[in-house]
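Taking the hints into account, I'd like the entire structure generated from these sequences.
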Amino acid sequence: MGSVSEFFQHLMNGLTLGGIYALIALGYTMVYGILKFINFAHGDILMVGAYIGLFVFDGLRGDAPLGVWTFTAFLIAMLVSMAGCGVLGMVIERVAYKPLRKATRLAPLLSAIGVSFILSNSAAWMFGTQSRKLAYPFHNDSIVVGGVVITPHQILILAVSFIMMIVLKLFIDNTRMGKAMRATSLDQDTARLMGIDVNQVISLTFAIGSALAAVGGMLIALDFKVYPTMGTMTGLKAFVAAVVGGIGNITGAMVGGILLGILETFGVAIFGIPQGLKDTIAFGILIIILLVKPEGLLGKAEKEKV
Amino acid sequence: MLNFFLLIVIYTGIYALMAIGQNVITGYAGMLSLCQAGFFAIGSYATAILSTTYGWSFWATLPVAALLSALFGVLIGLPTLRLKGDYLAIATLGFAEIVRNVLNNWDSLTRGPMGIQKIPMPSIFGFVINPYKKTGFLVMTIIFVLIAYFLFQRLARSRMGRALEAIREDEIAAESMGINTTKYKVWAFAIGASVAGVAGSLQAVFSLSVTPGTYTFMVSIMVLCMVVLGGMGNFKAVILGAFIIQLISYFPQLVGLSSMIPPQFKQILFGLILVVMMIWRPQGLLGREVRDYSRLTGEKGSVFRKKAKQAVSSTQGGER
Amino acid sequence: MILLETKGLTREYGGVVAVSNVDFQVNQGLITGLIGPNGAGKTTLFNNMTGLDMPTKGKVFFNGHDITGKPAHRICRMGIARTFQNIRLFKELTVLENVMIGRHFKTGKSPFHGRFLNALDSYFRMSREDEQMYSSALKWLDFFEMGELCDELAKNLPYGHQRELEIARALATDPQLLFLDEPAAGMNPQETEHLMETIGKIRDLGITVVLIEHDMKLVMNICDSITVLNYGQKIAQGTPREIKHDPAVIEAYLGKEEE
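Chains as they are written, first to last, in our numbering: chain E, 1 to 306; chain R, 1 to 320; chain S, 1 to 259.
Calculated from the structure, these hints are not laboratory results. Remember, predicted model here, so these are calculated numbers, not experimental data. Where is the CB? At the ideal position from N, CA and C, for every residue including glycine. Warning: the hint list may mix true and false statements.
From the derived model, a few chain E residues whose C-beta atoms are all more than 12 Å from chain R [stated by the list, open to error]:
1) K36
2) K179
3) R182
No farther apart than 30 Å at their CA atoms in a straight line, the calculated lysine-lysine pairs in the DSS-like style are these [claimed, not checked]:
4) K36(E) <-> K155(S)
5) K183(R) <-> K91(S)
6) K183(R) <-> K217(S)
7) K293(E) <-> K59(S)
8) K98(E) <-> K155(S)
9) K183(R) <-> K106(S)
10) K70(S) <-> K300(E)
11) K57(S) <-> K183(R)
12) K236(R) <-> K91(S)
13) K293(E) <-> K169(E)
14) K36(E) <-> K183(R)
15) K70(S) <-> K59(S)
16) K183(R) <-> K300(E)
17) K70(S) <-> K183(R)
18) K91(S) <-> K36(E)
19) K155(S) <-> K236(R)
20) K183(R) <-> K293(E)
21) K133(R) <-> K102(E)
22) K7(S) <-> K300(E)
23) K266(R) <-> K133(E)
24) K183(R) <-> K155(S)
25) K102(E) <-> K155(S)
26) K70(S) <-> K57(S)
27) K133(E) <-> K278(E)
28) K36(E) <-> K300(E)
29) K266(R) <-> K225(E)
30) K293(E) <-> K217(S)
31) K201(S) <-> K183(R)
32) K155(S) <-> K293(E)
33) K102(E) <-> K91(S)
34) K98(E) <-> K91(S)
35) K266(R) <-> K98(E)
36) K91(S) <-> K106(S)
Partner residues are not named here, just some residues of chain S that face chain R (Cβ under 8 Å, in silico) [to be verified]:
37) A72
38) F105
39) D151
In structure tokens:
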């Protein structure tokens, strides 16, 4: 009994972590799907999102006691952060990536690394390198369900990340713009010939991906701390999640994210991997998946056309 | 002041070695690797551990540092090189982080975050190369860079350099022309890593202590900046790039304004250099080195060169 | 004598059959044409024979040796060279260097045994090696009357020259068998005429040629034997005259061209 509830406890923790990875992985996968390039700065956009959320939430909340207002303030902060990061993502694309669409394969990648470095160091300069904490918007008294401890903020993370994923999936599958995005990712030139404004689609992709990263950043901030380089490791892991699920595949990113969260939690809790080496689990998984099934769980193998 | 300038030149040398390695991997073979910091760390720790715990001389630790780095280069390279460039960047970045993680946690070997202190100074023919006196160390560093420069320059001009460039230009075509692309990519990775390992050894005997905090992502980014700024595929340019980046890095101290300029400024500048160079001058300040075949092509080539000249002069003539 | 043949070669991509159970033969010393409508699987068949793709089923034999699934560089070294439908030159390298790459695996051998000594030796006698490479590379450049362009970057060449340079690069590997993937694509009639002569000259050097081509005039004029693919299947094989009158071919392909 004890070990069963322990198992579910770890599963619950893994699921929460995985939900966040999935949100961030979506940004990598969407951009890759359309531009076939890894947006190295994605992890740093998450960091910016966490800072915006933190400042707006603290500003709105003031000294108010925990209650309906603080929760509302949290949601407002999240929307502001999403909007801010959405715009940031679009601007970055316009300035640093768009001029390089016809350049060599390495150029946008190097540019993205530069952007990532600019973002994290600007944050360190403006906000300092000390880590901050995002306060809980509600009482975080844990609930015990069948021996499994669940905290309200875990429920929040799960609820927010799953709602976001479902909305995105509906958007991509059912709207005109979603269809345009899918068409662009299949064949940019043909999409353009069919009257799709490819530039607009790319901008929107960056906006959505960055907004989701902002949410991910804020949810992480609830559990961990906010600091200028927080996005590096989380971003890398989310990227691993995207690759595991099959890069370019939206459902894959969700599956990969959740899977990675669970594997990481289990790796430490059940397989006894030392806490200090927790971060290496994701890279171990990356190497294994690249060797065994490089197209990912749900991805399609693509061969360069000769 | 002079002392400070010497420090910059020494760091230019140490980083130039890493940049030369990066240039083989990125400038010639066209692979984006982000783990020079990892190989740098492996080299440093190899020298630190062997010379403190086991009492080896610095010169004996050098080949170990180079070979160990190369070995890790092959280990990380083999599974990832078959894949597209973008994956390689992430996988190598992850590898560098793992190296730092392991250095931080493997207390019995690396003494964790405290690092290893009191690394003995190297000596040659009874002459101790004391990093505090700088000049001797400076000479040693310059000799290292010169040796690396000539070895790698020659390598780049050989058939291997040409094969690497073919792989960079079009891997499928290179493979179809009988070039074993996997073999060459792994080789490029191994030698690029080994020279970073040697740089690590120098770093260890320069600071006489090693701590995991020295070998961050920042190091890999600086090295990348040096190559991008100077010019990919040109070893002279890469050394120039190393000097400029180190100058920027120490500029606040050099002009005595370090209290006024926040430390992040230079890092932001490095980021900007990457973005701006990619957009405005992707070939770097000096551009790629073009092999000179005039020794071989003589007449044939000169006909073309003459024609090119005529074409230029005729357009100028037209303007007049 | 059969130089190369495939037996029951099949290539599927996740359920889509690109090439289905094809038996393809190439006779030594002749020019073989591979034709068929777009998407018939011609390039896929090429890729499966040159090691760039791995057949789902079936075998490829070259000189009686099974070369199925061997890596492309090994197949090239055995004596099969190729060009590409969308020209794949080393754009930032010079014309001369492009052809020298074709000589790459021919050099680097030394009288020493053991990898290390070998590598060391080739490292130090670079200039001698370059000279050897240069003279054989130049031979092929002169064959295409491009010797004077040797110091030009490949990307700056006019289109027709780029196609020829790709053939020169392939020939520099001293192949027994040369695959040309749509060599006349994008050429004007004069250039095509010139290309036909060149292919004839290559055949006269004793090199077997296989070509994919849409230009019927070229195919019918220079090929000794033609194989027709349609929807991944071989529908006909024979001399140009036979192919011209084959009802299956006319229906699938030539029907549109004849009134």
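Hint numbers not upheld by this structure, sorted from lowest to highest: 1, 6, 21, 30, 31, 32
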